[in-house]
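So the protein lines, in turn, are chains A and B.
In this text, residue positions in the first sequence follow our numbering: the first is 1168, and each later residue adds one.
In this text, residue positions in the second sequence follow our numbering: the first is 8, and each later residue adds one.
Don't take every hint at face value.
Claimed, not checked - Simulated restraints on C-beta separations:
# : chain 1 : residue 1 : chain 2 : residue 2 : range
1 : A       : R1417     : B       : E124      : 17 to 23 Å
2 : B       : A127      : A       : E1202     : 23 to 29 Å
3 : B       : A127      : A       : E1557     : 43 to 49 Å
4 : A       : P1351     : B       : L123      : 22 to 28 Å
To be verified - A few chain B residues that don't get close to chain A, going by computed Cβ distances all over 10 Å:
#  : residue
5  : L9
6  : A101
7  : T108
8  : P135
9  : E145
10 : D166
11 : N263
12 : N289
13 : S292
14 : Y320
15 : L321
None of these hints come from the bench; they were simulated from the model.
Glycine included, C-beta positions come from ideal geometry on N, C-alpha and C.
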Amino acid sequence: MDSRITQFDELAGADGRTRAPYRKLSQWLAETPPELLASRREQAELLFRRIGITFAVYGAQDATERLIPFDILPRILSRSEWTTLEKGLIQRVTALNAFLADIYGAGEILRAGIVPADLVYRNPAYCPDMAGRRVPFDIYVHIAGVDIVRTDDQGFFVLEDNARTPSGVSYMLENREVMMRLFPELFALHRVAPIENYPDELLGTLRSVAPQRANGDPTVVLMTPGQYNSAFYEHSFLADKLGVELVEGRDLFVRDDVVYMRTTEGPRRVDVIYRRIDDDFLDPLCFRPDSALGVAGLMGAYQAGNVTLANAVGAGAADDKAMYTYMPDIIKFYLGEAPLLQNVPTFRCREQEALAYVLDHLDELVVKEVNGSGGYGMLVGPHATRAQIEEFRAKLKAHPQNFIAQPTLALSTCPIAMGSGVAPRHVDLRPFVLQGANGARVVPGGLTRVAMTEKSLVVNSSQGGGTKDTWVIDDAWSAEEAMGQA
Amino acid sequence: MLSRTADNLYWLARYMERADFLARAIQASRRLAALPKAYGGDETEWESVLLSSGAALSFDASGRPVDEANVIEFLTFAPENPGSIRNCLEQARANARAVRTALTIEMWESINDAYLEMRALESRGVVPCAQELARFLEVIKQTSLTYDGGAYRTMLRNDAYWFSRVGLFIERADNTARLLDVKYHVLLPEKEIVGGSLDYFQWSAILRAVSAHTAYHWVYRTSMKPWLVADLLILRPEMPRSLISCYESIVRNLDNLARAHGRQGVSQRHARGVYGKLEKLNMESVFQGGLHEFVQSFISENNRLAALISEQYLF
């Protein structure tokens, strides 16, 4: 972190005066003895472990199930901040869908020279099998998890568009439940916008994109790679909340281009699959022949229009880090609007000039692999050793097109509860955007991820990041305040 | 319901029931083995526990001498014994995790709590002392109570519930039958008893293993007689671990499934057949044909039912 940049704390503000959305929390904190916070932290940990909210880390020995660290202090957004964010998110996902329908269809944006064609067609996530086909209602991205950061109280930046199988929504929902059990008094004080309707909204979204032949009463299932997947808890949690079967590949089979699940009463037709499994593993006949997780013939059924997959196959072509840099242009091209959410300024290393600049400034920049995820394959210049920088320099020179670079952002911080009080830590936000035939929606808030280590900017759970409950509260504080002052 | 889910629920119930039976059997044997030799206290008791829990072969393979500490450790914590309580619990939890959506939170929490407790005990890397062991067996018994109570009080009455119940009663019938099989030589008919019996404490251990020690007295209102112990475990419908009671429940739950699915099948017919035979039976004819032979044939009929269920419901 560059110390010359002023740190923006969402509670303290830039000038050290408590920001309005945090006033009640701040006062409450001041009146609350540290022992109480400590005991609530213990209670929270116990609750999470009992409920079994765990995730798996690949490659970690003897740690097949771990708890994600949870911080008990909420992150708070005001209603007006949220409204801006919500509009921007819906705009972004609408544009993503238009872009995907275009690149698998007429390809107008490529012919207009806005996005280089090779960037699309050579993208490993681009699925040639989908070219020239249409998906129901032209919706490719039904569920998006858009990563948002801020550096001041002016606006929000989009860090990443996750258009494949974004995870984390179960933590958003469970964090809220745990918080409501731990701090009823804070909820009474704040009147927080509810998020518990997310599963219903999700189900409505999935049902809305069912094939015609389902006749308005589609069978929806959630498809998981199985209980050893890192997000298995989330899969089972969501299936339960949705009231749909949680299936694995071996529970499904395809006959005459129709997908069935094996039930105790014989085969039952499946209309919509909310799949939490990557494209490559969906169908061994089409993609990886060694995949034991998929269903032979699934792509055939999908292309015949007998089953809807959410998200659509090939949706990943819109969310890699190279495509990200074109998002402002993509929004303008399809919607004729200026983007409401900004992109983080990004250098495309495939471009000569940009590459030269990046190579000269490696110690200041964050360099990311275009197809990397989970915080892996990334260089954080200001925190890197000389050896790490040289390693990346070599990689960049060898395959510049595989990388983008961004300035190190002074990510905002939020207070977390610590052994001896509270301390600021960097946060980001992942709201979940739903897009169905019945419209687009976002439940207020999202998953706040927090880097639990001091100064760290990496919030990914696979690398020790934690989570917080995220509250959207009415701006009524300003009215109350005005009254109080009158 | 997904066939895989039904399969998981069925096995989950079996593992939980088995862990409970093992815990009770160990406790009962401990009590018996602690008696003076003249009262039946004997090291052979540990061999018979190994037999009734189906762990004799794998114990032999482990090459350990048969003594109390070894057998208890093997039945409780040994990872190499596929039927140890620890492995039952682990299997139960793996099944439960795979079908979280079909379980209520109460059921999951009871399994998960016991599992976490077991992991905490294991993580210290030392063999638990006798006191810890005793406590762990109590935890297992408590867990099966809260799990079972959780299922009874919170589950929807649909195929998820019925499959779990069928699994539970098949396992329970199997456990009771194996216990009878190992102990049949002390459960002789009236005329074969000569004089006062040193087997008294054996009978009472059998009853304790199936938590029927008090029940016996309420049912018969007489002092312990071996043929009545056998009667209680085989033919008394009011005794929840008797073979006939298990089959009454199996038939009822399979019928519920058949009604929900709109058709009766091979497993319903088979279960009704076994139940019908038990209903017509009396202890005299059981002893005439040989208790051992009867129990053997029951065990194989029970296994056949398990196979038919998985055939019919595509596990």
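Problem set entry | Unmet hints by their number, sorted upward, for this structure | 1, 5, 6, 7, 10, 14 and 15
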